[in-house]
Amino acid sequence: MCGIVGYNGAQRALPLVTEGLQNLEYRGYDSAGVALSPDERGESDGELDVYKRSGEVSALLDALPESADQRRGIGHTRWSTHGPPTDANAHPHTDCTGDVAVVHNGIVENYDELKAELEAAGHEFTSETDTEVVPHLIETALADGKSPKAAVQWAVGRLEGSFAVVATMAGVDALFATRQDSPLVVGYGDDGAFVASDVTAFLEHTREVTYLADGDLAILGASDGQHAGDVRIERDGEHIEPERETLDWEADAAEKGGYDHYMLKEIHEQPSALRQALSGRVDPDAGTVDLDLELPAEYVGSLEEVQFVAAGTSNYAARYAAELVEELADVRATVEIASEYEFDGGRDPWRTLVVAVTQSGETADTLAAIRKASRAGARTMAVTNTLGSTVTREVDDSLFIRAGPEIGVAATKTFCSQVATMTMLSVALGRQRGTLSSDRASEVLSDLRGLPGAVQQVLDRTDAVEEVALELADSDAFFFVGRWLGHPVALEGALKLKEISYDHAEGFAAGELKHGPLALVTPETPVLAVLTEGSRPEQTLNNVKEAQAREAPVIGASSGDSAGQYLDVEWPVPDAGLLEPLITNVYWQLFAYYVADSKGRSIDKPRNLAKSVTVE
Amino acid sequence: MTDETTAVILAAGEGRRLEPLTNRRPKPMLPIADRPLLEYVLEAVADAGIEHVVFVVGYERDRIQTHFGDGDDWGVEIEYAVQETQLGTGHAVLQAEPFVDGPFLVLNGDRIIEPSAVESVRRTLGSASEGSGSDEIAMAVSRSPTPSEYGVVTVENELVVDLIEKPEHEPPSELINAGVYGFTPDVFEAIRATPTSADGEQSITAAIAGAIEDGAVRAVRYDGLWLDVTHLWDLLSVTGRMLDRSGGGIEGSVAESATVATATHLAAGARVGPNATVGRGATIADNASVGANAVVERSVIFPDATIGPGAVVRDCVVGANATVGANATVPGGDATVIVEGNVHEDVRLGGVVGDNAHVGGGAVLAPGAILYDEVDVAPGASASGTVEQGTQIRRG
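Taken in order, these protein sequences are the chains called A and B.
Residue numbers for the first sequence follow my numbering, beginning at 7 and rising by one.
Residue numbers for the second sequence follow my numbering, beginning at 3 and rising by one.
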């Protein structure tokens with residue numbers, strides 16, 4: 007799954023492809039590979055050069071030649087689905103002749119069937135991957151006398167499932183790229199063309215891009231007398247001139263800039279990310295929000311349910327938002343795990359707004375869910391960080407969180423910006439429905455405006471959090487508890503810790519502690535409690551006492567002054583009404599970071615995890 | 003024009019004389035027209051064609067790293083050298099040694115200069131290292147009306163022949179060390195060989211004393227802009243000068259009935275309410291807001307701060323996330339301020355409201371009042387003098 011990059015142009019391809027792979031490493035990194043295609047300008051024996059290795063991209067770099075003359079190449083970083091991470095299973099995959107190389111993201115669902123068919127026809131397979139059927143199919147078509155382009159189209163036509171595929175062939179001056187339900191984007195460089203699963207692969211070289219649609223075929227390079235850097239895009243067999251977008255993300259906004267990890271950098275970027283999210287959107291004095299959405303008034307007025315679909319951290323952000331929608335907009339709100347989603351009975355699709363929350367806009371589970379909702383006839387909305395991502399092209403309305411690129415696999419600033427943005431959505435819905443008074447709206451929006459400053463106050467206490475984290479790092483397990491808006495924050499706090507420190511961590515609704523999990527609480531299991539406004543602190547304090555009676559160390563984030571006497575550690579949260587649990591989450595992020603850092607974990611790239619999960 | 007020269011910018015300092023504004027951020031991050039001092043230094047370096055920059059950071063370095071990242075926004079590559087404890091400017095330069103290869107420049111991260119200072123020092127350094135010994139040093143010298151506050155230099159035949167730090171008696175000249183140096187890597191050895199001073203610090207100037215005696219320090223005359231923020235009130239005057247030069251800029255949202263003068267700066271996320279007046283020399287940072295009918299003049303409003311409706315804020319610094327309540331008054335004007343035991347008379351400072359501090363509705367700040375972080379002034383109360391962190395001032 008993973009990352010794809012390809013280049014065809016006037017420059018040497020190898021450094022561009024490997025640089026792209028390093029930029030894509032966050033998408034998955036258990037193996038990587040490169041194929042370079044011979045070029046009449048370089049020294050070449052007319053065959054493809056393929057290099058691949060299991061492990062991180064750095065392992066591949068050791069196996070690569072220092073330089074290579076080829077001007078055309080493809081590369082891949084893999085996150086295993088079919089077959090373990092081995093050198094053989096790494097992409098690119100080749101056919102029997104070694105003249106066709108393919109990189110692929112996605113899943114070929116009918117690969118068993120295709121593989122059996124190809125093996126029966128005498129093809130030999132060298133890997134356990136689903137991908138390997140693609141080069142062999144292309145080989146078959148070429149042997150049948152099809153042109154390279156026709157061969158790729160025929161081979162892809164045989165595939166079922168989701169894929170983004172880029173193919174190169176010895177002696178053919180072009181790269182071929184096509185997609186179905188997996189992202190692929192073309193970049194137009196000064197003297198060469200790029201294709202990749204994500205713009206971060208080539209942002210340093212061009213910001214002028216076209217996002218391919220399902221079924222599009224992009225031909226990068228010189229076939230049909232084109233210049234090597236030219237790109238021809240065909241849709242339904244017709245040559246089209248697709249829209250070119252100019253991205254405004256800074257490529258190197260993603261560099262670590264003095265921080266040890268992207269995650270810590272991104273935690274510290276939260277105040278400015280939040281200011282971006284709010285900029286020009288809220289007027290606390292008037293109690294109004296302008297999100298540039300075009301939801302018809304009658305529709306909003308008639309809404310019976312707002313249904314959020316999301317996975318992972320976005321799911322917890324959605325849970326926070328659902329509580330706010332019920333509180334502020336007075337409409338029923340539910341949250342579904344994207345991979346579990348069905349548009350179930352009992353809902354009127356014309357009175358249901360389905361909101362997909364996905365940082366990358368490419369999360370396969372969430373895309374699948376939103377398609378189900380669309381098919382059922384519901385209006386759909388995306389809350390995402392990525393302009394031009396797949397989800398934005400599938401929904402009726404998009405709402406951007408403006409958090410800027412997030413590279414650390416563990417989401418931090420995007421959670422914060424997601425919740426802040428959906429708080430604005432809740433207020434907008436409440437005002438439009440007439441269920442929220444302008445007074446209350448003004449109050450919530452003032453709290454929102456205070457959020458960047460409040461988060462900065464937590465960041466100013468980083469040293470204190472680090473000290474506690476180091477003291478407790480070797481505990482047996484960590485339990486996070488909270489009620490109401492504090493519940494999703496407890497879940498997110500536990501997720502963050504387990505993702506990056508590999509420790510056992512769980513989040514509970516505080517009231518559930520005594521219904522079972524309390525049996526796990528010992529002096530070696532710290533309990534972290536949300537004790538702020540918006541999280542029913544007095545009730546949670548009772549649960550804190552239960553844990554403390556079992557001698558568990560208790561850390562509380564609190565905005566009042568009554569909790570301190572029951573806590574081993576108290577972290578103050580500035581006054582911010584319903585947003586106080588969100589501010590608490592910044593403490594949990596720092597705590598998780600320093601626990602993981604003390605254990606020397608691979609914080610930006612935790613084992614087994616990928617940033618943008620583009621498989622179902 | 004670009005070259006391989008590295009610029010080492012010293013940004014590890016704390017700036018105690020600028021408390022409370024330096025309690026949570028290092029001095030180089032103090033904003034002038036909504037941009038950190040350090041950003042002006044970086045731009046001068048970048049405009050001079052230098053591409054490789056090393057920031058020596060220490061105190062509250064997160065703030066610097068979060069703002070500048072890897073330097074891409076300025077078209078330079080920034081690396082960070084960490085000075086864990088502040089043991090002087092010479093010690094700071096030593097931290098950059100692993101990042102430096104060949105002749106390099108050293109600049110202070112908290113003095114506003116123009117690119118010409120960087121260019122001429124680099125040029126002199128280039129000709130020096132081609133010419134005589136590899137231990138040549140170039141130093142920018144500038145004229146100051148108050149030379150005694152800085153390192154006063156005596157120049158003969160384009161060479162620095164004497165350097166006295168903050169002379170107590172009549173300074174021998176009006177020429178001062180402008181804090182822009184050109185060095186060869188030999189300087190690292192010179193710093194290491196310099197004994198630490200009584201307060202445990204190694205300074206650059208002590209390290210080059212020998213070179214001055216040997217006649218190996220070339221003076222590079224610089225008569226361009228040179229602005230230093232030594233005291234809190236300098237923040238207001240330097241902001242005013244920079245806004246006069248640039249004309250300011252209005253990006254934030256301004257109510258139709260509000261008045262915003264020229265030579266003001268409103269950041270993109272700033273808001274100015276109905277009938278408010280933002281006068282000359284004011285800066286309103288991102289996500290800060292000025293309420294209806296408020297008056298803000300010659301003041302610096304930090305990010306996330308709130309000026310309530312009807313408040314009057316003059317000659318004042320309002321820290322990050324601080325609040326000045328409705329109809330509160332900071333009348334402004336001249337004051338006597340004591341900083342680290344020194345009495346400064348007739349300085350123009352209406353007041354300073356520290357980060358996260360709260361001035362209640364209708365409260366009054368006497369000229370020169372300095373409220374530290376998280377001070378809470380009750381509605382209708384009045385505050386004067388220096389108020390320690392977290393103090394609550396009640397009406398009475």
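What the hints contain is simulated information worked out from the structure, not anything from laboratory work.
In this text, all values refer to a predicted model and were calculated from it rather than measured experimentally.
Backbone N, C-alpha and C fix where the C-beta goes; we use that ideal spot for every residue, glycine too.
Certain hints may be false.
Here are some chain A residues the structure puts well away from chain B; computed CB gaps all over 12 Å [as the list claims (entries may be wrong)]:
1. S60
2. D68
3. A122
4. A219
5. G263
6. E272
7. E275
8. R281
9. S452
10. A460
11. D466
12. G522
13. E552
Residues from chain A shown here face chain B by an in silico Cβ test under 8 Å; the list is partial [said to hold, decoys possible]:
14. G264
15. L284
16. T294
17. G351
18. G352
19. R353
20. D354
21. W356
22. Q438
23. T441
24. H521
25. P523
Hints, verified against the model:
1. S60: 30 Å, holds
2. D68: Holds: least Cβ distance 24 Å, greater than 12 Å.
3. A122: Non-interface label stands for A122/A: nearest chain B Cβ at 51 Å, farther than 12 Å.
4. A219: Nearest chain B Cβ is 31 Å from A219/A, so the label holds.
5. G263: G263/A not clear of chain B: closest Cβ-Cβ about 4 Å, inside 12 Å.
6. E272: 10 Å, violated
7. E275: Violated: least Cβ distance 6 Å, not greater than 12 Å.
8. R281: 5 Å, violated
9. S452: At roughly 9 Å from the nearest Cβ of chain B, S452/A sits no farther out than 12 Å, so the non-interface label is violated.
10. A460: 7 Å, violated
11. D466: 5 Å, violated
12. G522: 40 Å, holds
13. E552: 33 Å, holds
14. G264: 4 Å, holds
15. L284: Status holds, d = 7 Å.
16. T294: Violated: closest Cβ of chain B sits about 12 Å from T294/A, beyond 8 Å.
17. G351: 45 Å, violated
18. G352: Check failed: Cβ of G352/A comes no nearer than 43 Å to chain B, outside 8 Å.
19. R353: 39 Å, violated
20. D354: Hint violated; D354/A Cβ to chain B Cβ min 39 Å, cut 8 Å.
21. W356: For W356/A, the interface hint is violated, since the closest Cβ of chain B sits about 37 Å away, which is over 8 Å.
22. Q438: Q438/A check fails; min Cβ-Cβ to chain B is 21 Å, beyond 8 Å.
23. T441: 26 Å, violated
24. H521: 40 Å, violated
25. P523: 35 Å, violated
Consistency note: the structure conflicts with the earlier hints numbered 5, 6, 7, 8, 9, 10, 11, 16, 17, 18, 19, 20, 21, 22, 23, 24, 25.
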